[in-house]
Amino acid sequence: MGEIRMPSLGADMESGRLAEWLVAPGDRIARGDVIAVVETQKGAIEIEAFEGGTVGRLEVAEGQTVPVGAPILSLEEPAAAAAAAAPPPSGAPAPTPEPAPAPAPERVSQPTAAPPAPEGVPQPAVPSPAPAAVEAAPPSRAAERVRASPAARRLAQRFGMDLAALTGSGPEDAVVSADVRRAREAERQAPTPERRAPEAGRARGLDLAEMRKAIAAAMARSKREIPHFYVATQVDLKAAADWLAETNAARPPDERMLMGALFLKATAKALLEHSVFNGTFEDGSARPGDGVHIGTAVAIRGGGLIAPAIHDCDRLSLDALMARMRDLVARVRGGGLRSSELTDPTVTVSSLGDRGVETLFGIIYPPQVALIGFGRVTETVLAVEGAPVVRPAVSISLAADHRVADGHRGGLFLRTLASLLQEPQSL
Amino acid sequence: MSLSEEQIRSVLVEELGRIAPEVELDTIDPDGDLRDEMDIDSMDHLNLMIALHQRLGIAIPEIDYPKLLTLNDAIRYLVARS
Amino acid sequence: MSERPKAEETTLEAGEDFTASRPHLSRAHLLDLLHQMLRIRRFEDRCAELYTYEKIRGFLHLYDGEEAVAAGAMRALGPDDWVVATYREHGHALARGVPMPEIMAEMFGKAEGSSRGRGGSMHIFDRAHNFLGGNAIVGGGLPLAVGIGLAKRMRGEPGLAACFFGEGAAAEGTFHESLNLAALWKLPVLFVCENNQYAMGTALRYSESETAIAKKAESYRVPAAAVDGMDVVAVEAAARSAAHAIRAGGGPQFLEAATYRFRAHSMFDAQLYRDKAEVEQWRAKDPIARLRGWLEESGALHAQDLEEIDSRIEAEVAEAVAFAEAGTWEPVEDLTRFVHSAAARRR
Amino acid sequence: MSGMRETTYRECLREAIREALQRDPRVFLMGEDVGHYGGCYAVSKGLLAEFGEERIRDTPLSEAGFTGAGIGAAIAGMRPIVEIMTVNFSFLALDQIVNNAATLLHMSGGAFNVPLVIRMATGAGRQLAAQHSHSMEGWYAHIPGLKVLTPATLEDARGMLWTALEDPDPVLIFEHVLLYNRSGTLSPEAGPVEIVKAAVRREGSDVTLLAYGGSLFKALDAAEELAMAAISAEVVDLRVLRPLDTATIAASVAKTRRAVVVDEGWRSGGISAEISTRLMEEVFWELDAPIERVCGVEVPVPYPAHLEQASLPQVPEIVAAAKRTLGR
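So the protein sequences, as listed, match chains P, A, G and H. Counted the way the working numbering counts, the first sequence spans residues 1153 to 1579. Counted the way the working numbering counts, the second sequence spans residues 20 to 101. Counted the way the working numbering counts, the third sequence spans residues 21 to 367. Counted the way the working numbering counts, the fourth sequence spans residues 433 to 760.
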């Protein structure tokens, strides 16, 4: 028997309130299924199962707050065991020689609502999958079986939509591009959210006051512990802006891209080259990131800020990246973030956007070691081949932890980033 | 297809409301820059353009974006293009 | 690109009138014929050697033994005339005046070759000398010569098209189609059949019901003559006579030159199809030895003349090899450059 | 439009030849029965009297000989138009076309180009059986060094020849036998046309029908029928089989997301296979359905009318294929 515990979704998360169960006892769940919504200081977050099985007991009632690490759900029959050979005969050794783990997690500081599993009953150890394996997991076979045209697949990826959820109208009931567009239109035509009074100051699932507290704690810790250094440079964006304008001119609005997608992709690629800035620093030692997962700062209407991760930015196409950004912004503002998005950013990118300031000096989000800030894109006088010309330009800054790197390395990183932005077609 | 100014205004107001639900639309200056009036960022703006395209059938090229900066400008532009 | 050494100018500027109906057998003229044949022989010898060093690849068909045909016939051609040859065409190109360094560079596949290395041994082309190749399809060149003759006639231009081919071509349809067309339209075409007795390894008697090729030509009403292809003077005389008739507006003419190749068909040929004795028999008729002996007997050739010719040729061949060695490879980016004229003319 | 006049495909071809003979003294027409007989398909009727035997040159039945002579004459300064009676006979000249016309420029390192035009009839539909009815233009489209044109409209019949004669390299023009009698109106100003681009003959949004030569009109008829079923078909006339105008073809299919290739030639190894593969290479991610092909049945074209028709692409098959791409 296995169990699922209240996950840690960030260094600053201590506990979570279980807002809603999305599964019930007896349900079969697979790895990656969303099982519950947990409200945290950062908002409502969907919790994924990292192992499969049949839901046994819900250990926590809706509305209850439990600390990180507390069991919230028990599994009756782990998928791994079920998938193995026939159950061993009575009296035979358990499939794995390890003794059963202590049923109650050490970190639990108060009893949970439900009793722990009875002691003394041998339980097969359920290997918990490594996070990397989760990330690399291939799409489920069901998803592969979706019959969809190439055009529909591309469009669905661009829109961040799930093909399996669509009904096909094409040859042999294949999902075709028109089906994707129709579905997206229907999604958009969903009833307008209730107009909220401005004084409510609270988007669905978010407690802005709580969030402000969390930001305060994290930033105070950062300034206290991390010896920051800052470097910044101005980057000519003519090539990127021209390319973007040309690309977008040929596309309908729903397929257009924002400059932000180029910034993210260029940053991801530059981080591959300067990996020292992509990772964490804890307990006196630096640990490289297990991928380039960029925490993307998204402002919340009415105040507040959240930086969920877009995973493997370096491996996503610009279109895919754009779809993730769009999806992320929609979910931050409408609620519904997933747990893995908050747990593992390896670096943060913050952009104050087209209405913002020229240069941004960020504060690193611990235990990360760097934050890259993009200012506003402005028309700037630059010297090009010895003559002054007016060009779109952006000021890019790096705030980094001096314990892992120095200013020289920071400068090299910015130079790489700047040169990547000169060849937008290769991003 | 030709749409009345009223139809266009109502679609525009509805979509703006979807993007910034907390803003009282009757309180904003119809000749002020919408981005300031409603605290709209580039993603919000893109979503607005997508919505206008899908609901009104008007694809607004990027180079025309400066012609839709205020509520009144946007209505004028859309009426002319519908 | 290395600078090309100055080409040996030979036949075309020998100071004689190519349109004369008979050769003028001065000592200088005969020494010149000897020089030309020796030049071809030494060139081919060097090619055989370079092939073993892998400097030259592909099919290499050598002209040893047949030198008298090209050297003699070419004396009847002027600058307005065109030449269409076969894949055994080094001798024709040399006798026509195509610079030896460019021919050698072509063998090496270098960009400085006469066909920029695109053709190799079987496809020497030179626009400046109206030399339309090296055609590796037996009988493939005959219709082209007919077309050139047709163009000349329609344009009212002087000159003729000389077409060299082997006796194997007589079995191809194009041979008959071309003779018929040229005769029907009275075109200025000189057909020169180099009958070296073997179509690759098949002797003429195994492939033709009528082995006298000249007779076939006559059946198309093309005036034909058979000539000893191992006698350069006889070839020149026959070619002059035929060319003269063509220039006079009499339509095509046909020459069949009996000859023999001393070396194998190509470099990879065990020569199972012919006796060593037969080869020796023909070697005894070597056109070079024959002319030399004749010149020596008549006291027209001195040891020092021969030395002088030899050293000139040696230097020319050495220079050609050096030029080819120093040549460059066409960049791979230019791979498709000569498929369409627009791209070919670029840069 | 005012001033339009009634004419036929055959007359357009003849006018084009006449114009070329008048404009350029280097041009001459050569082939079997082009002179005294007036052309097997009567294209050159009357031209002998007008231009004389030198320039309207009857040849013996020697396809290799006179095609090769055309190549030689082109190299030596003429602009020959060689007429080969039908594509099946061109195989007798295949060696000259492929081994000489297409290769000389390359083999000579750019020294000798071949400004030759070869015209020939192609296609089935006149009960001429298996040695006079095949569509082999796709074979020629395989050969680098050649250009392959397939005029379908009166404008192209009138306008492609001169542009082809101006080309420095060999150009093959394929005239579908069923088009010669096709009549229509043409502007008196109609003249030379470009020979590099495909043309959209009918705009549509749901599926692209790709056709050329004699099949173009079947595709247009199919589009008409599809319109009754509320399917908007775009019809692209390929016009040039080599070099294929991939950009125009791909742009149309990227728009409609579906394609039906119509080709009278056989399916196996045919030009339709090439087009289909180009679409895979260029617009795979734009496709909403597998590419459909409507081709000649893999049999030598038979003599009896009912079998001959059964062996050729027909409108109902094109309509059905188009509907399949829409899941209907």
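Hint data in this document are derived by calculation from the structure and do not stem from the laboratory. Since we're looking at a predicted model, the values are computed, not measured. Just so it is clear, CB atoms sit at the ideal spot from N, CA and C, and this is done for glycine as well. Be a bit skeptical, because a hint or two may be false.
[Unchecked claim] Output of the computed footprint for chain H on chain G, the stretches with three or more beta carbons under 8 Å from beta carbons of chain H:
#1 127-136
#2 145-153
#3 158-170
#4 332-346
[Said to hold, decoys possible] In the EDC-like style, the derived pairs of lysine to aspartate or glutamate whose C-alpha atoms are separated by at most 20 Å in a straight line are:
#5 K86(A) with E41(A)
#6 K206(G) with E485(H)
#7 K206(G) with E464(H)
#8 K755(H) with D1442(P)
#9 K86(A) with E1531(P)
#10 K1421(P) with D1464(P)
#11 K86(A) with D58(A)
#12 K1390(P) with D83(A)
#13 K1390(P) with D58(A)
#14 K755(H) with D1325(P)
#15 K755(H) with E740(H)
#16 K687(H) with E1398(P)
#17 K206(G) with E656(H)
#18 K86(A) with D1464(P)
#19 K305(G) with D84(G)
#20 K687(H) with D677(H)
#21 K86(A) with E43(A)
#22 K755(H) with E656(H)
#23 K206(G) with E486(H)
#24 K687(H) with E1531(P)
#25 K75(G) with D248(G)
Tested hints:
no.: 1; hint: 127-136; in the structure: holds (count 4)
no.: 2; hint: 145-153; in the structure: holds (count 5)
no.: 3; hint: 158-170; in the structure: holds (count 10)
no.: 4; hint: 332-346; in the structure: violated (count 0)
no.: 5; hint: K86(A) with E41(A); in the structure: 25 Å, violated
no.: 6; hint: K206(G) with E485(H); in the structure: 14 Å, holds
no.: 7; hint: K206(G) with E464(H); in the structure: 19 Å, holds
no.: 8; hint: K755(H) with D1442(P); in the structure: 49 Å, violated
no.: 9; hint: K86(A) with E1531(P); in the structure: 19 Å, holds
no.: 10; hint: K1421(P) with D1464(P); in the structure: 10 Å, holds
no.: 11; hint: K86(A) with D58(A); in the structure: 18 Å, holds
no.: 12; hint: K1390(P) with D83(A); in the structure: 19 Å, holds
no.: 13; hint: K1390(P) with D58(A); in the structure: 27 Å, violated
no.: 14; hint: K755(H) with D1325(P); in the structure: 14 Å, holds
no.: 15; hint: K755(H) with E740(H); in the structure: 25 Å, violated
no.: 16; hint: K687(H) with E1398(P); in the structure: 18 Å, holds
no.: 17; hint: K206(G) with E656(H); in the structure: 57 Å, violated
no.: 18; hint: K86(A) with D1464(P); in the structure: 37 Å, violated
no.: 19; hint: K305(G) with D84(G); in the structure: 12 Å, holds
no.: 20; hint: K687(H) with D677(H); in the structure: 16 Å, holds
no.: 21; hint: K86(A) with E43(A); in the structure: 23 Å, violated
no.: 22; hint: K755(H) with E656(H); in the structure: 13 Å, holds
no.: 23; hint: K206(G) with E486(H); in the structure: 12 Å, holds
no.: 24; hint: K687(H) with E1531(P); in the structure: 36 Å, violated
no.: 25; hint: K75(G) with D248(G); in the structure: 35 Å, violated
In terms of the numbered hints stated before, the structure departs from hints 4, 5, 8, 13, 15, 17, 18, 21, 24 and 25, listed from lowest to highest.
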